[in-house]
Amino acid sequence: MFDVNNIRKDFPMLKQRMQKHPLVFLDNASTTFKPKSVVDAINNYYLKETSNSHRGDYDLCFNADQKLLETRGVVAKFINAKREEIVFTSGASMSINLVAYGYASKFLKKNDEILLTEAEHASNVLPWYKVSELTGAKVKFIPLNKEGRLTLNNVKKSINKNTKIIAIAEVSNVLGFIAPIKEICKEAHKRNIIVVCDGAQSVPHRKTDVKDSDVDFLSFSSHKMCGPTGIGILYGKFDLLKKMDPLMSGGGMNAKFDMCGDVEYLLPPVRFEAGTLNLAGVYGLKAAIEYINKIGIENINKYEQQLREYAINKLKKNKDIIIYNETAESGIITINKKKVFAQDEATFLNSQGIAVRSGQHCAKILNDFLKTPATIRISIYFYNTKEEIDKLIEALNKEDYLDAYFLN
Amino acid sequence: MPISLTNDMMRQIIMDHYQNPIHKKTPKSGYTSIHSKSENCIDDIHVYLKLENKIVKDCLWDGIACAISTASTDIMCELVINKSEKEARYIIEQYFKMIHEEKFDEEALGEAIAFINTAKQAARIKCACIGYHALEDLLNKHGK
Chain W
10 MFDVNNIRKD
20 FPMLKQRMQK
30 HPLVFLDNAS
40 TTFKPKSVVD
50 AINNYYLKET
60 SNSHRGDYDL
70 CFNADQKLLE
80 TRGVVAKFIN
90 AKREEIVFTS
100 GASMSINLVA
110 YGYASKFLKK
120 NDEILLTEAE
130 HASNVLPWYK
140 VSELTGAKVK
150 FIPLNKEGRL
160 TLNNVKKSIN
170 KNTKIIAIAE
180 VSNVLGFIAP
190 IKEICKEAHK
200 RNIIVVCDGA
210 QSVPHRKTDV
220 KDSDVDFLSF
230 SSHKMCGPTG
240 IGILYGKFDL
250 LKKMDPLMSG
260 GGMNAKFDMC
270 GDVEYLLPPV
280 RFEAGTLNLA
290 GVYGLKAAIE
300 YINKIGIENI
310 NKYEQQLREY
320 AINKLKKNKD
330 IIIYNETAES
340 GIITINKKKV
350 FAQDEATFLN
360 SQGIAVRSGQ
370 HCAKILNDFL
380 KTPATIRISI
390 YFYNTKEEID
400 KLIEALNKED
410 YLDAYFLN
Chain L
-17 MPISLTNDMM
-7 RQIIMDHYQN
3 PIHKKTPKSG
13 YTSIHSKSEN
23 CIDDIHVYLK
33 LENKIVKDCL
43 WDGIACAIST
53 ASTDIMCELV
63 INKSEKEARY
73 IIEQYFKMIH
83 EEKFDEEALG
93 EAIAFINTAK
103 QAARIKCACI
113 GYHALEDLLN
123 KHGK
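Residue numbers (this note's numbering), protein chains in the order written: chain W, 10 to 417; chain L, -17 to 126.
With the rest of the complex left out, here is chain W (with noise of 0.2 Å):
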């Protein structure tokens, strides 16, 4: 039985204060709260298994060793991959880094194209200008329907003979619709198109199946799926995580190696996790997946569709509220009021205790496409309540926004 009223006692912070009010939290999508679980994971870690990883000969460092596989295979079952298919980076951008550097780079040439869309986050945009650079290649940009919706149809007049690579959010940081992956994926592996899914704002809400799907590499965080900062996950089908070249050498990573330059480096995923891993953070992150899982990650998604649709009616019956994304699937709800600043409106629900962000959410090639410098971003979570969008529909109810200055 899902209940909300019961999973937000297992949340420390949502116990909180902030500006006097309670903590409403409604920034999801830019990283999540933790269950007591993880934090007490985490504690664990330093409080009673501290050793490093690999090849210790001590019961400790087996212990460190264990969990590690361990992790590595409920993360790998989360997501329907194989335990050697899951490598762990500091976090969604280090992941996608990690293929436009080791993978691109090494196998794109000039001409060849990479298609991404208007929608992606910088994360998800940056490193392959970078992988431009190097090899020639040309980044390019599949458009968005009308509604801002990544469709198949413009995936498809999109790819020429030269396109090799599609990189794509599962579901977009600022308009929160989901792309069609599978199909997506079905129609590029026709030409043996490679397709990187940045899955930052999916795997946290949605069931991610990557051999159903079967999208080529996909990225992802602790962080925004109730785990540490500081560890995320990049999957690579296991074939081209071979073909893959490490992004950083050292300890951990080479079989063997001598003066002359000779290195032999180990099978992936071990092969791209040079030096000390994120140890807490990888305890951290196997409670977070199991406390994911206790709950039900089809339950998740069906409770924030729920809020979601909740939250819209009442934003509807607000003239002065323009929705950008009335018909996403995902807890992101964009706005504006109108008249009102994105940045000031953000600094009065703050006033009332209200946690969202104002901007361009990371992702400013977008901003030509909405025709406003700014929005606000409502992202919700399972912890997420109908009394809290109570309160922001209340607060942005109100007219006065300098009242942040001027009310005690």
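Keep in mind the hints are simulated off the structure, nothing from the lab.
By construction, the Cβ of each residue, glycine as well, lies at the ideal position given by its N, Cα and C atoms.
One or more hints might be untrue.
Stated by the list, open to error - Result set (DSS-like, lysine-lysine): computed pairs, CA atoms no more than 27 Å apart in a straight line:
{"id": "1", "chain 1": "L", "residue 1": "Lys19", "chain 2": "W", "residue 2": "Lys346"}
{"id": "2", "chain 1": "L", "residue 1": "Lys102", "chain 2": "W", "residue 2": "Lys24"}
{"id": "3", "chain 1": "W", "residue 1": "Lys395", "chain 2": "W", "residue 2": "Lys346"}
{"id": "4", "chain 1": "W", "residue 1": "Lys346", "chain 2": "L", "residue 2": "Lys108"}
Stated by the list, open to error - Derived DEER-like restraints, expressed as beta-carbon distance ranges:
{"id": "5", "chain 1": "W", "residue 1": "Leu143", "chain 2": "L", "residue 2": "Asn122", "range": "32 to 40 Å"}
{"id": "6", "chain 1": "L", "residue 1": "Gln1", "chain 2": "W", "residue 2": "Asn327", "range": "52 to 60 Å"}
{"id": "7", "chain 1": "L", "residue 1": "His82", "chain 2": "W", "residue 2": "Asn327", "range": "34 to 42 Å"}
{"id": "8", "chain 1": "W", "residue 1": "Asn15", "chain 2": "L", "residue 2": "Lys7", "range": "24 to 32 Å"}
{"id": "9", "chain 1": "W", "residue 1": "Ile332", "chain 2": "L", "residue 2": "Asn122", "range": "21 to 29 Å"}
With the hints as your guide, set chain L onto chain W.
Here is chain L on its own, set in the frame of chain W:
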């Protein structure tokens, strides 16, 4: 701290300068300028200065900005026009003192006192200072 303006007056000052900024325009020539962009928010402005014989002959600004940065920068322009470089620097200094809740010279700040509560919304301190920092940089570069 005794302040001569009421809250309602301060609100009105901010709204007036936000809705109808007086000095928001890009000059054709004869000005030195600086581009200022906040890392944390959307504010993205240029400040333009015309300095002659150590006197601020004119000060303008233009760009994309929230109510707080728009009004604060516009009022700043109003305050420094026809002041000596030294006086302008004094205004900037007193303004930063006010923003950071230190003792300051109310006389020097005029309408800029409307921003005395900025610290309540700590995330907006940068907005309230963006124009002042830009002008300070311009004076450091072109003044003396």
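| request: Sort out which numbered hints this structure fails and list those numbers smallest first. | output: 6, 8 and 9
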